Every structure is written in C-alpha cells, then in structure tokens.
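*Asks:* With chain F's structure known, arrange chain G with the ligand on it following the hints.
Residue strings, one per chain:
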Amino acid sequence: MLKDFFGKRRKYASIPSEQAKADVPEGLMQKCNGCHKIYYRKEMNKNLQVCPNCGYHHPLQAWDRIDTLFDENSFEEWDNDLITSNPLQFPGYEEKVVKDRKKTGLNEGVVTGKGTIEGQATAFAVMDSTFRMGSMGSVIGEKIARALENAKNEGLPFIIFTASGGARMQEGLLSLMQMTKTSIAVKRFSDAGGFMVSVMTHPTTGGVSASFASIGDYNIAEPGALIGFAGRRIIEQTIREKLPEDFQTAEFQLKHGQLDKVVHRQEMQELLSKLLKFHQKGGEEA
Amino acid sequence: MKQVLEFEKPIVDLKEKISELKRFTQDSEIDLSDEITTLEKRLAVLENDIYGNLKPWDRVQLARHSERPTTLDYVHKLFTDFIEFHGDRLFGDDEAIIAGIAYYKDNPVTVIGHQRGKDTKENLRRNFGMPHPEGYRKALRHMKQAEKFGRPIICFIDTKGAYPGKAAEERGQSEAIARNLMEMAGLRVPIVCVVIGEGGSGGALALGVGDEIHMLENSTYSVISPEGAASILWKDSAYAQRAAESMKITAYDLKKLQVIDKIVPEPKGGAHRDLDQQAAYLDEVLEQSLHTLSKCSADTLLENRWQKYKQIGDYNLL
Ligand SMILES: [Zn+2]
Numbered sequence: 059m060l061k062d063f064f065g066k067r068r069k070y071a072s073i074p075s076e077q078a079k080a081d082v083p084e085g086l087m088q089k090c091n092g093c094h095k096i097y098y099r100k101e102m103n104k105n106l107q108v109c110p111n112c113g114y115h116h117p118l119q120a121w122d123r124i125d126t127l128f129d130e131n132s133f134e135e136w137d138n139d140l141i142t143s144n145p146l147q148f149p150g151y152e153e154k155v156v157k158d159r160k161k162t163g164l165n166e167g168v169v170t171g172k173g174t175i176e177g178q179a180t181a182f183a184v185m186d187s188t189f190r191m192g193s194m195g196s197v198i199g200e201k202i203a204r205a206l207e208n209a210k211n212e213g214l215p216f217i218i219f220t221a222s223g224g225a226r227m228q229e230g231l232l233s234l235m236q237m238t239k240t241s242i243a244v245k246r247f248s249d250a251g252g253f254m255v256s257v258m259t260h261p262t263t264g265g266v267s268a269s270f271a272s273i274g275d276y277n278i279a280e281p282g283a284l285i286g287f288a289g290r291r292i293i294e295q296t297i298r299e300k301l302p303e304d305f306q307t308a309e310f311q312l313k314h315g316q317l318d319k320v321v322h323r324q325e326m327q328e329l330l331s332k333l334l335k336f337h338q339k340g341g342e343e344a
Numbered sequence: 207m208k209q210v211l212e213f214e215k216p217i218v219d220l221k222e223k224i225s226e227l228k229r230f231t232q233d234s235e236i237d238l239s240d241e242i243t244t245l246e247k248r249l250a251v252l253e254n255d256i257y258g259n260l261k262p263w264d265r266v267q268l269a270r271h272s273e274r275p276t277t278l279d280y281v282h283k284l285f286t287d288f289i290e291f292h293g294d295r296l297f298g299d300d301e302a303i304i305a306g307i308a309y310y311k312d313n314p315v316t317v318i319g320h321q322r323g324k325d326t327k328e329n330l331r332r333n334f335g336m337p338h339p340e341g342y343r344k345a346l347r348h349m350k351q352a353e354k355f356g357r358p359i360i361c362f363i364d365t366k367g368a369y370p371g372k373a374a375e376e377r378g379q380s381e382a383i384a385r386n387l388m389e390m391a392g393l394r395v396p397i398v399c400v401v402i403g404e405g406g407s408g409g410a411l412a413l414g415v416g417d418e419i420h421m422l423e424n425s426t427y428s429v430i431s432p433e434g435a436a437s438i439l440w441k442d443s444a445y446a447q448r449a450a451e452s453m454k455i456t457a458y459d460l461k462k463l464q465v466i467d468k469i470v471p472e473p474k475g476g477a478h479r480d481l482d483q484q485a486a487y488l489d490e491v492l493e494q495s496l497h498t499l500s501k502c503s504a505d506t507l508l509e510n511r512w513q514k515y516k517q518i519g520d521y522n523l524l
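One line per chain: the protein sequences are F and G, in this order. For the first sequence, this note's numbering gives the first residue as 59, with consecutive numbering after it. For the second sequence, this note's numbering gives the first residue as 207, with consecutive numbering after it.
In isolation and in its complexed conformation, chain F is listed as follows:
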C-alpha cells in the first residue's frame, strides 16, 4: 500500500512556476494539463498527480517522487554537495542555475541515494525536469555514475527515474561526455551482476534517452511520457511530413518494441517492489 502522499519529509518549499501561478488561483486549485478540468490540488496530490478524469500524469518533483516510492525515513541521499560550475564560462549560465536552485530547492536536476521499498534496499536516482529541464551536465552525469558505483560496491539494485530534455548545452561537449560516463558506469554495474530498472517519465529525450535511460535490465515508462532521441519539430522539418499525434509517446515506443512496459503511477511502487523481490540474488557474479 502506498503511504500518504507527499509526506513530511519534504525538504523544500515548493514555489509554483509562473505558468502554474497564471493558471491556478492561489495554488489551491490545479488545472489538468490533459483535459483542463480544475481540481483541488490536494485531491490531485492524493491521486499522485494523476488526473482522476483523464489519467494525465503530471510531472513530479524529485522529492515528491521519492515520497511516493520509498518507505518512510528509509532514504539516505548521496552527493548532494555537488553543484554546477561554469566550465566553459558560458555567458549567463551560472545565473540560470542559481535561479533554478532557488526555484526547486534542489542543488541540481537529480537526487541520488539509497532507501527501501517495502523493506527491500535499493540505490536510486530521480531526475527532476523542473531543474533546467532536467538537462544533463557534469553534475548529473557524475552523481548518476557515482550512484551506480556505490550500488555496485554495496551490492544494491539500481532504480532510475529519468526526466530530461537532453544535453546541457552550456556545458558543451562535457555534457555529451556524461552520456559516456554514465553508460560505462551502467556497464560496470551490470557486469558485476547488478539489477537495474529504468523508469522513463515525461520527458525523456536526447542524450539521456540515448544513454542510461535505455539500457536498464528493464526499461519501463509512465503513460503518456514523451520518449525519443530527436525532437518532433526537427524531425518534421527534416522529413517534411506531419508526425502522428502519438509519436514518441510511451505507448508509441511500447508498440514499436522499444519499452518493456508502460506502468501507471499508482502501480509503480508495487511493480518495483515485485521486481526487487525477483532479483534479490542479483546476477551470476553478484
């Protein structure tokens, strides 16, 4: 059973985005992104931010996601002290990061650590699309690689929730190279017998989709999540063709054999718990 959603462990004050402020009176009410019906925020929260009417899965912030999955007070965070530098001296980059740190209460776009799901220990990384659109720079790459190494060393499984618009352009090729760093970390973890589940949430695109997100032992997704390598607009411009409405949705990827499963948020914890139980012994070398 899921415990009360969004428990008392929340470590930051959530500040509604400009968009949300405009759409919703006083943050008490919330308009569904799917069917545009108005709900009490409390009601939507109770439903894990899934619309009771149309089933739209609204993005979850990292700590809210963690609250929906982990046993209470079981969570230990890793490497929260890593923060973004401006390695290319890219104009305006630091200001943007500082702004998002204030906005989200996070130090970067991923929270890593370990905890238990129904008593079963697992390492964990949860990305947050509200921090610079979850774009992957050096800190995200480093934190995920370290989490995989920790999981390997402690003999823990690894569950990752991805949410990313792709590369962090302001870090140039250092951003691209995080794809390699994390993928090698996955390889090392996997070779040591580690069990990894990748859960793709809206959106999982570009460099994140083309690295760790797609190479779990199981790759699953939330309903309606946008998943793909190239952006819709670029593809339409390139092939001069209108793409189908459902292009690059989780359901589309499932149909094309690119996903193991699409799983409703309400059923996520139960499935992950079962998967952890199935793989208690890890792989042959564990």
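It is possible that some hints are incorrect.
Claimed, not checked - Mimicking EDC-like on lysine to aspartate or glutamate, the simulated pairs with C-alpha atoms at most 16 Å apart in a straight line are:
1) G:Lys372 to F:Asp304
2) F:Lys335 to F:Asp275
3) G:Lys372 to F:Glu294
Claimed, not checked - Chain G side only, calculated, beta carbon under 7 Å to chain F, not exhaustive:
4) Glu376
5) Asp520
6) Leu523
Keep in mind that the hints were calculated from the coordinates and are not lab data. Here the structure is a predicted model, which is why all the values come from computation and not from measurement. For each residue, glycine too, the CB sits at the ideal point set by N, CA and C.
*Replies:* What follows is chain G with the ligand alone, placed relative to chain F:
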C-alpha cells in the same frame, strides 16, 4: 576549382593576381618579377595570418568543406586489403556507416566510420552520413567481432548527427546509441577514435567511446550544431558563429578541456588541400596510439577507459 570559403577569399584573390602577373610576363616584353616576388612574400604572410588564426566558425566551415576527405579516403591511404561488410542482421544495411577489416602495417584491424557522400547521388545513398539505428547496430556487430578475434578497432567520426527521422525513432535510435556506448565501454581490445570532420552529438559519440580520442585540427565536436544551439539559446540561428565560440567545439578547446588526447595537424588551408599529407599526419598519430595500447592488458584497457571518462566534467563542492 576548390570551393572557396569566405575567410580565405583574400588569399585566393592574391593568388589570382600573382598568376595574372605571371601570365602577363610570359606574354609580353615587360619583366614583372620584382612585383611578383613582392606579392608572393605578401601571400606567405597573408596565408600564415589567416590560416594561423582560424576562428571557431572558420573551422566549422573547413570541417564541412564539400571536398574534405571522408572515412573511405583515409581507409584507402592508411590500410591495405580493406574488405567492407554490410548489414546489422536485424533490419538492413545503413550506408551512412561503413565497417570492415583491413591491415594496418601488417596487423589486422577493424575499421568503422561514418561515411558521407562525395556528390549528391552518393549522399542520398549514404544519407549524408547521418546514421539510422541499423548503422550503429552494424558497427557494434563488427566491434564484437573485433573483440572475438583480438583486433584493435579504429573509428572515424564524421557526421552531423544521428538522423532525426520517423523510422529512426521507431527502430530505436536512442537504444542503438546507448547500447553502443555501453558495449564499447567493455570491449577487451584497443579502440582509437578520430574525429575527421564534424562530430555531431550522440550520433558521433556512438562510434566515439575509446581508449584514445583524437581530432583533426580543423574538425569540430559538439553537443549540438552551432545553428541548433543558437536557435535554442538566442532564438536565432544567425548567432551560430557566437554559439560556435561559446560552446568550445574546436580541437584546441577540447584538448584544453581534457576531452581529447591529440590534435592531428592539417596541411595549410585544411585536409582537403593535401590528402597524402593529411593521411601521413594521421598515420603518425594512429601508429603511436596503437603501439601504446597494444602493450596494455585487456583489464588495464578497461580500467583506464573508465578512469578516462570518469574524470571528464567539472563541478564544484557546496
Ligand atoms: Zn485530466
């Protein structure tokens, strides 16, 4: 006539002037050799000045030059007995990537690279060197085979990026790239990667996980094209020049950022000016790399590969 780039126009103009004077001297009684000598000296200074101070955007133009040597040009210059093989055994053959075996100085190697076309017809066949998933899967199939038979792998990187198309997405462009990154990390043979033209994002990286990564002096390696970055960051692709500078995409920038190992020099004016010379420069670097790596055990290779990529990136501590 070679395609002339904007920044080299003064050189071309001066060269034309010199040959005009030479023709004039031949055809008439007047001796202009003094003037010619003066202009030739000026040309040397001008060439040094322009080619010695290339801006990132100039290098982008050189990397994209229509006559820039492609993977197959180097394959024919550097290797013997190259045999190309086709297909990923799953869907089809993607001619945007070539793969095969050859001898490098009498040793068997596996050679893989993006392949652009030389003309429109070939470019259509090769999809302008922009691969679909089957290209990456073909590459991986050959890399695995190289591992089985203990052959070093040499990858040439030269692509604007993985093809952004509907079919490419349906067949798992993301997974194909990700799989290559993961599997290349574990290959128990030496891998040397050389960026010879444009290194465009994940589509380049999918052939780019190696023990040593080199770049030709005027090649570029970028997370997104300068035009793409400009249109996202400044809502105007006309700022591409500025993006090319800010994103640090040249060999010199990336050497400084410790992402690449060596800069392979280019002949004055770019690789297309002298393929033989370019191949010779490349040969030297390749030989050194393979020599060094051949002395490492497979375990050492893998450990060093991990350490190499682990240190890439920059962050602060709170
Ligand atoms: Zn709804």
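*Asks:* With reference to the structure, classify each hint as holding or not holding.
*Replies:* Hint-by-hint comparison with the structure:
no. : hint                 : result
1   : G:Lys372 to F:Asp304 : holds (12 Å)
2   : F:Lys335 to F:Asp275 : holds (15 Å)
3   : G:Lys372 to F:Glu294 : holds (8 Å)
4   : Glu376               : holds (5 Å)
5   : Asp520               : holds (4 Å)
6   : Leu523               : holds (5 Å)
No hint from the list above goes unmet by this structure.
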